[in-house]
Amino acid sequence: MKNEKNKSALSDPRMIRQAIQDSFAKLDPRVQIKNPVMFLVYISTILTAMLTILSLFRIKDADTGFTLSVTIILGFTVLFANFAEAIAEGRGKAQADTLRKARKDVQAYRLSDPHRHDQFTVVSSAELKKGDIVIVKAGEQIPGDGEVIEGAASVDESAITGESAPVIRESGGDRSAVTGGTTVLSDWIVVQMTSEPGASFLDKMIAMVEGAARKKTPNEIALQILLVALSIIFVLVTVSLYAYSLFSARQQGQLNPTSVTSLVALLICLAPTTIGALLSAIGIAGMSRLNQANVLAMSGRAIEAAGDVDVLMLDKTGTITLGNRQASALIPAEGVSEAELADAAQLSSLADETPEGRSIVILAKEQFNLRGRNLQEKPMHFVPFTAKTRMSGVDYEGVCIRKGAADAIKKHVEALGGHFSLQCQEVVDQIARQGGTPLVVSKNEKVMGVIHLKDIIKQGVKEKFADLRKMGIKTIMITGDNPLTAAAIAAEAGVDDFLAEATPETKLQLIRDYQAQGHLVAMTGDGTNDAPALAQADVAVAMNTGTQAAKEAGNMVDLDSSPTKLIQIVQIGKQLLMTRGSLTTFSIANDVAKYFAIIPAMFVGLYPGLQALNIMRLHSPESAIFSAILYNALIIVALIPLALKGVRYREVSASKMLSHNLLVYGLGGILAPFLFIKLFDVILGFLGIL
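Numbering-wise, the sequence shown is residues 1 to 690 according to our numbering.
If you're looking for bench data, these hints aren't it; they were derived computationally from the structure.
Heads up, some of the hints might be wrong.
[To be verified] Pairwise CB distance ranges, derived in the manner of DEER restraints: (1) Tyr595 with Ala491: 51 to 61 Å; (2) Ser620 with Lys645: 30 to 40 Å; (3) Tyr649 with Leu226: 21 to 31 Å; (4) Tyr649 with Ala222: 15 to 25 Å; (5) Pro29 with Ala654: 36 to 46 Å.
[Stated by the list, open to error] Below 27 Å or equal to it, Euclidean Cα-Cα: the simulated DSSO-like pairs (lysine-lysine) are: (6) Lys93 with Lys565; (7) Lys446 with Lys411; (8) Lys446 with Lys388; (9) Lys565 with Lys656; (10) Lys565 with Lys470; (11) Lys565 with Lys464; (12) Lys470 with Lys411; (13) Lys565 with Lys645; (14) Lys458 with Lys388; (15) Lys365 with Lys388; (16) Lys216 with Lys645; (17) Lys656 with Lys645; (18) Lys410 with Lys474; (19) Lys656 with Lys464; (20) Lys216 with Lys93; (21) Lys410 with Lys464; (22) Lys388 with Lys410; (23) Lys474 with Lys656; (24) Lys656 with Lys462; (25) Lys458 with Lys470; (26) Lys464 with Lys474; (27) Lys216 with Lys565; (28) Lys565 with Lys454; (29) Lys462 with Lys446; (30) Lys34 with Lys645; (31) Lys410 with Lys454; (32) Lys93 with Lys34; (33) Lys446 with Lys365; (34) Lys365 with Lys462; (35) Lys464 with Lys645; (36) Lys458 with Lys365; (37) Lys464 with Lys388; (38) Lys470 with Lys656; (39) Lys474 with Lys458; (40) Lys454 with Lys365.
Ideal Cβ placement from N, Cα and C applies to all residues, glycine included.
Using the sequences and the hints given, assemble the complete structure.
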């Protein structure tokens, strides 16, 4: 999907040609009636077309050329609105075509007994049902969505995520989910299917990006109701003006009241056609931008909610911190030199392939030049870390070196007859208060000192949280760390609050508490234990690598499985709301100038004094009306790029955003029609057309 990320729909000739074809296909009344405002333009086009035909039989409402010109412009107005929607849909269809290439029937090796890998039945992937178990080996495509129940393998997910780097999928834990259409590169895995045919993750993605599953959001529906109400009011006003013009003409003994064609033009210019034409495109483009960010939204409501959230719950590891704790200092115990501590710490870490272990080896090399060790000189037995002992280390020639959690090392040295000093405990407590992780090193029964592991805060995170605070969004860090460590990291990262020693129950209760206070809450998760909180959150982003339970509980799935994606999702949601608000402001402001263009032109024959309102000095009534509806049509085309791209995202408060909208789009919406209607009038006058 990322292949489409930087590709503009308006720069793709194939996409434009298809959008033009779709614009004519959408002239079907059953399609047009779904957009009430543009359906009004559609009916008006038919009405003026009928008046044009009648004028050929000398039943004239207005000059035949004028009526025909109005009909053509109104027809183009409908087509331009259709084009805006079609070009937005076209980008989604292009993404769907890419995904369809990944969705194909492949051979699947269905196991009758998950423990007997040599006993399988070859079936088509389309025949697999939920609960079926298959084995997938290197070079084979995973036949459907599922969960790894045995084995581990390197998987190429580029067909789904666009990322070429392979990922590891393994049984157990939170990286067990696999997606149909991805390819196993090495080893093998046994997968249990979690979806029925036609309801896979890929099928859902295709439906969402094509727009087939897009439903109008509550705010979009509410705005459309407002636009319909305004249009009905303008219809009643226009009908009243026609009756009034008939009465005025008779009172003055004139035979020619204001023409129906002119009144139709007035109606279309006053109706909120600009936002009516672009409203659907804005929604589709917002979902498309989310898809380009490799996030699948299960509903448009979720995107809209992302724009309204005011509480973000973020995991510490991977989101706020890099997740790889690094050794930053060696603090020796009493009677121990730094060199002795560095030697013991490095020996205990030589077989430790974790980022923490490697960082200890590197620190000892850089600070004490401990390098080039020959492990063959001494018969060494390395002791791996286990959850039970919470220690690791090495044994050689009667020497026992261990490193691990402070309480585990304390028990270890005391069991050997040693003593865990008060000074060492104070160092451990101090490191914890600073937000670090203390690892204690011992040699036989003697405590050698403490290694300070520091959880590195991601660069720029503090500034990002400050920007979110300006927008009225509260950030809460979720961590399993103790309160002291959590408080130190929260202070350094600049989050507003934190939840330490988090459990599924405490996360769920925290979300409920904030929702009870009227807040909208967003969070991310990947494990089965995150599912209750994800189901409760207003915006719940599940990691694609996570468990099936987490993905089913969320209303969005992040294909990149990046915990930081939540911030980008909120930005996309807010940009969608900003774009809709900005273009609505512009559309309504447009009407002000149109009053001065059309109303004086329509009634100046009955009331010459209205010429004073012709402040643009338009040279004829017909030119004024034609210039206004021409602007009304072309402004839709001009705003299509903005509707697709969205207004520039700005991290400011709602009040500042409102002020900015009123200044740029409100004032701009008033001034633009004056400028371009006058320009069109001058061109028409110069050409002598009207």
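Structure-based check of each hint:
1. Tyr595 with Ala491: 51 to 61 Å: 57 Å, holds
2. Ser620 with Lys645: 30 to 40 Å: Roughly 38 Å apart at Cβ, these two residues keep to the hinted range, so it holds.
3. Tyr649 with Leu226: 21 to 31 Å: 25 Å, holds
4. Tyr649 with Ala222: 15 to 25 Å: 23 Å, holds
5. Pro29 with Ala654: 36 to 46 Å: 40 Å, holds
6. Lys93 with Lys565: 24 Å, holds
7. Lys446 with Lys411: 12 Å, holds
8. Lys446 with Lys388: 22 Å, holds
9. Lys565 with Lys656: 26 Å, holds
10. Lys565 with Lys470: OK: lysine 565 and lysine 470 at ~19 Å, within 27 Å.
11. Lys565 with Lys464: Distance of about 13 Å is within 27 Å: holds.
12. Lys470 with Lys411: 49 Å, violated
13. Lys565 with Lys645: This hinted pair holds, its Cα atoms lying about 19 Å apart.
14. Lys458 with Lys388: 31 Å, violated
15. Lys365 with Lys388: 30 Å, violated
16. Lys216 with Lys645: 19 Å, holds
17. Lys656 with Lys645: 22 Å, holds
18. Lys410 with Lys474: 40 Å, violated
19. Lys656 with Lys464: Since the Cα atoms of lysine 656 and lysine 464 sit roughly 18 Å apart, the hinted pair holds (cutoff 27 Å).
20. Lys216 with Lys93: Holds, because 19 Å separates the two Cα atoms, which is no more than 27 Å.
21. Lys410 with Lys464: Answer violated: lysine 410 to lysine 464 is near 41 Å, above 27 Å.
22. Lys388 with Lys410: Holds - the C-alpha atoms of lysine 410 and lysine 388 are around 15 Å apart, at most 27 Å.
23. Lys474 with Lys656: 18 Å, holds
24. Lys656 with Lys462: Answer holds: lysine 656 to lysine 462 is near 22 Å, not above 27 Å.
25. Lys458 with Lys470: Roughly 20 Å separates the two Cα atoms, so the pair holds.
26. Lys464 with Lys474: 12 Å, holds
27. Lys216 with Lys565: Answer holds: lysine 216 to lysine 565 is near 24 Å, not above 27 Å.
28. Lys565 with Lys454: Roughly 24 Å separates the two Cα atoms, so the pair holds.
29. Lys462 with Lys446: 41 Å, violated
30. Lys34 with Lys645: OK: lysine 34 and lysine 645 at ~24 Å, within 27 Å.
31. Lys410 with Lys454: Distance of about 21 Å is within 27 Å: holds.
32. Lys93 with Lys34: This hinted pair holds, its Cα atoms lying about 21 Å apart.
33. Lys446 with Lys365: 23 Å, holds
34. Lys365 with Lys462: 32 Å, violated
35. Lys464 with Lys645: Given pair lysine 464, lysine 645 holds - Cα atoms ~22 Å apart, limit 27 Å.
36. Lys458 with Lys365: 25 Å, holds
37. Lys464 with Lys388: At roughly 39 Å apart (the allowed maximum being 27 Å), lysine 388 and lysine 464 break the hint.
38. Lys470 with Lys656: 10 Å, holds
39. Lys474 with Lys458: 19 Å, holds
40. Lys454 with Lys365: It holds: about 18 Å lies between the C-alpha atoms, which stays within 27 Å.
When held up to the earlier numbered hints, the structure conflicts with 12, 14, 15, 18, 21, 29, 34 and 37 and fits the remainder.
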